[in-house]
Structures are given as structure tokens and as C-alpha cells.
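Trainee: So you can see what is in the structure, the chains are spelled out below.
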Amino acid sequence: GQSLEQPSEVTAVEGAIVQINCTYQTSGFYGLSWYQQHDGGAPTFLSYNALDGLEETGRFSSFLSRSDSYGYLLLQELQMKDSASYFCAVYRRDNAGKSTFGDGTTLTVKP
Amino acid sequence: DTGVSQDPRHKITKRGQNVTFRCDPISEHNRLYWYRQTLGQGPEFLTYFQNEAQLEKSRLLSDRFSAERPKGSFSTLEIQRTEQGDSAMYLCASSPGGFYGYTFGSGTRLTVV
Chain F
293 GQSLEQPSEV TAVEGAIVQI NCTYQTSGFY GLSWYQQHDG GAPTFLSYNA
343 LDGLEETGRF SSFLSRSDSY GYLLLQELQM KDSASYFCAV YRRDNAGKST
393 FGDGTTLTVK P
Chain S
573 DTGVSQDPRH KITKRGQNVT FRCDPISEHN RLYWYRQTLG QGPEFLTYFQ
623 NEAQLEKSRL LSDRFSAERP KGSFSTLEIQ RTEQGDSAMY LCASSPGGFY
673 GYTFGSGTRL TVV
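Going down the list, the sequences are from chains F and S.
Here the first sequence stands for residues 293 to 403, where the numbers follow the working numbering.
Here the second sequence stands for residues 573 to 685, where the numbers follow the working numbering.
Please keep in mind that the hints were generated in silico from the structure rather than gathered at the bench.
A quick note: this is a predicted structure, and the numbers were derived from the prediction, not measured.
Please note that the accuracy of each hint is not assured.
Partial list, computed: chain F residues near chain S (C-beta under 7 Å) [to be verified]:
{"hint": "1", "residue": "Pro335"}
{"hint": "2", "residue": "Lys373"}
{"hint": "3", "residue": "Ala376"}
{"hint": "4", "residue": "Phe379"}
{"hint": "5", "residue": "Phe393"}
{"hint": "6", "residue": "Gly394"}
{"hint": "7", "residue": "Asp395"}
{"hint": "8", "residue": "Gly396"}
Using N, Cα and C, we set each Cβ at its ideal position, and we do this for glycine too.
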């Protein structure tokens, strides 16, 4: 089967840097995605890593280590609007685009 | 393109009734997915279409659930004989060939009373 683990809650202050970790167990791993979801809203795609290393998109970066079955999402210069749930999701080679999501990390940004 | 549209946004139904939801994906996306999400959980895969072909359906999905995507355009998800456990947010997503991340719709929130 597949499993993903991420912390349930993270709190940080405005302007800080926060890292949300995700560990996964799955056969046929192909890539790791990250999504943001505000309360009452739809998940929004943030990033995708298929290869080891860091992918940077503005204030957000995502990292993958395939050998450690581990990834993280790094949010810099936190803003109040970053308060949301963040989900990691694994994509398996044989899944034709289907993703398995973690249960999400609720990020609270305080002034 | 206005993104992925879902209708209705909210649905309240009595237990035992049938409900149908509609999803209009981004027009150039050939892949369409249905996911279900309950409070505090991540989206859970239900089914997947490539063009008009339904290529995979979750083993967790009972026979009360059926989905179609006629002509590879919009899709419908029907739940027959609804149960209280069906109460959830039903999310539709689309993506182009290959994997570039999903674009999700705003979802249909179903409440079974």
C-alpha cells in the first residue's frame, strides 16, 4: 500500500520561514506534489518534484530525496495569507496520473 | 478558460435519494479525476478518465457510485441511495497529458440528512 506522513499543525510568525515535511512509503514512486488549500476552498497546485533536489517558485520551494523517501515544502517570508492547509501527494508510475494525498498540515501564521 | 467548474456548489439530500454532480474541466485537459474529501483529511481518489474512457475506479467505491464522461468533455458523478457516510466534499480535477499537477474545481459539498 501507500502511506504519507506529515505534521498535522505548524505555527509560525509573519516574515519567518517554515518547513513542512512529508515522508512517504510507496512502491513505484514517480513524483511528489504539494497543494495549498484555504478553508472552504479548492486545493491549488504548488509544485512537483520528480528528481532529487530543490525546486524554487517564488517564496515557495520544494525538496525531494528519493533515497530517503522524504520531501519538504519551504515557505519563506511568511504572510498572513499563507495560513492554509498544505498537502503532499505521491504519484506512482503505474497510476496514470492518480495521486495519493496525505492528511495535510494546517499552517497558522501569526502577526 | 475559466478553470474547472463544478455544479452545484452545495447539495442537501435525504438519505436514500439519488444525487448527480457535474464537472466541466479545462477544455484542453484530457484527464479528469473525481476525489472526495472529508474534514481533516486529504482528497481521496474516486475515479479517473482519460478522454471519454474511465480507466480506473477506486476499490473503495461502492456500486452506488457511477461516473461518466460522454464525448470526453464534461463529467457527471452519480450517487444512488445516498447514505450519511456519503456526506463530504466532492472535488473534480483535470490535467493535461503527462503530469503537471491538477487543477481542482471548487467542489460540491454534499450533506445527507
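Trainee: So, for every hint listed, does it hold in this structure?
Mentor: Here's how the hints hold up against the structure:
1. Pro335: 5 Å, holds
2. Lys373: 18 Å, violated
3. Ala376: 13 Å, violated
4. Phe379: At about 5 Å, which falls below the 7 Å cut-off, the nearest Cβ of chain S leaves the hint on Phe379/F intact, so it holds.
5. Phe393: 3 Å, holds
6. Gly394: 5 Å, holds
7. Asp395: This hint holds: Asp395/F lies near chain S, its Cβ roughly 5 Å from the closest one there, short of 7 Å.
8. Gly396: At 5 Å from the nearest chain S Cβ, Gly396/F passes the 7 Å test, so the hint holds.
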